[in-house]
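K.L.:
This is what each chain is made of:
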Amino acid sequence: EAEVAQSPRYKITEKSQAVAFWCDPISGHATLYWYRQILGQGPELLVQFQDESVVDDSQLPKDRFSAERLKGVDSTLKIQPAELGDSAMYLCASSFGEDSVYGYTFGSGTRLTVV
Amino acid sequence: GQQVMQIPQYQHVQEGEDFTTYCNSSTTLSNIQWYKQRPGGHPVFLIQLVKSGEVKKQKRLTFQFGEAKKNSSLHITATQTTDVGTYFCAGPLKSGYALNFGKGTSLLVTP
Chain A
1 EAEVAQSPRY KITEKSQAVA FWCDPISGHA TLYWYRQILG QGPELLVQFQ
51 DESVVDDSQL PKDRFSAERL KGVDSTLKIQ PAELGDSAMY LCASSFGEDS
101 VYGYTFGSGT RLTVV
Chain B
116 GQQVMQIPQY QHVQEGEDFT TYCNSSTTLS NIQWYKQRPG GHPVFLIQLV
166 KSGEVKKQKR LTFQFGEAKK NSSLHITATQ TTDVGTYFCA GPLKSGYALN
216 FGKGTSLLVT P
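Going down the list, the protein sequences come from chains A and B.
Numbered per the working numbering, the first sequence spans residues 1 to 115.
Numbered per the working numbering, the second sequence spans residues 116 to 226.
Among the clues, some could well be false.
Stated by the list, open to error - Derived BS3-like pairs (lysine-lysine); straight-line CA-CA distance at most 30 Å:
1) Lys78/A with Lys209/B
2) Lys172/B with Lys78/A
3) Lys62/A with Lys15/A
4) Lys11/A with Lys209/B
5) Lys11/A with Lys218/B
6) Lys15/A with Lys218/B
7) Lys151/B with Lys78/A
Said to hold, decoys possible - On the chain A side, residues computed to face chain B include the following (Cβ under 8 Å):
8) Gly28
9) Asp99
10) Ser108
Simulated from the structure, these hints should not be mistaken for laboratory data.
Virtual Cβ for every residue (Gly too), placed ideally from N, Cα, C.
So here's chain A without its partners, still in its complex pose:
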């Protein structure tokens, strides 16, 4: 069964340091999403890509977060500088489209702890 690959699985970083997460979506999925999930909450959208273009990054804290999907395949999410409040699970998901009948396929996520 096809999977969304994410790395690293866990990341511990000191505040004010830079951190990056990588995601490789399912082949053929044009739409890629980055979500942040705080413990006990639902996933919250950070950025949505359609191929290499950003569709929605209205919830991305652009002073410290950046995301790119240069060739329309894999994607990188970066935080610089990291703050204590950034500790969360960062989930990548992909789909055939935002309203695909097959839904979104999520990766296993990157658990970020900022100390």
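Chain A is already provided as a structure; the job is to place chain B on it using the hints.
P.N.:
Frame of chain A; chain B shown alone:
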């Protein structure tokens, strides 16, 4: 902020009892999706509902989409310990945009 509301936040049942979670949106949705997240896991797609008043079943799970396409429910008949997890509803608040998730309902099933 999230505009898809779910209740209850938690539910603890004895194995064999039924379980229902409710989802309400502040806006009309083109579709609504349900996901399950096991403890320590990631959300897994369960189903999508598109039509007003639609009802779909997956074994012991029954999903409904309201007539006004603003609310939905998930009902599990005769819960099992394998049903443990958090159930999220999600809908696109704007056409062409990504899913907005509710806060989820965490289900605990005691044998």
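K.L.:
Each hint: holds or not?
P.N.:
Here's how the hints hold up against the structure:
{"no.": "1", "hint": "Lys78/A with Lys209/B", "verdict": "26 Å, holds"}
{"no.": "2", "hint": "Lys172/B with Lys78/A", "verdict": "41 Å, violated"}
{"no.": "3", "hint": "Lys62/A with Lys15/A", "verdict": "17 Å, holds"}
{"no.": "4", "hint": "Lys11/A with Lys209/B", "verdict": "33 Å, violated"}
{"no.": "5", "hint": "Lys11/A with Lys218/B", "verdict": "24 Å, holds"}
{"no.": "6", "hint": "Lys15/A with Lys218/B", "verdict": "27 Å, holds"}
{"no.": "7", "hint": "Lys151/B with Lys78/A", "verdict": "27 Å, holds"}
{"no.": "8", "hint": "Gly28", "verdict": "16 Å, violated"}
{"no.": "9", "hint": "Asp99", "verdict": "6 Å, holds"}
{"no.": "10", "hint": "Ser108", "verdict": "5 Å, holds"}
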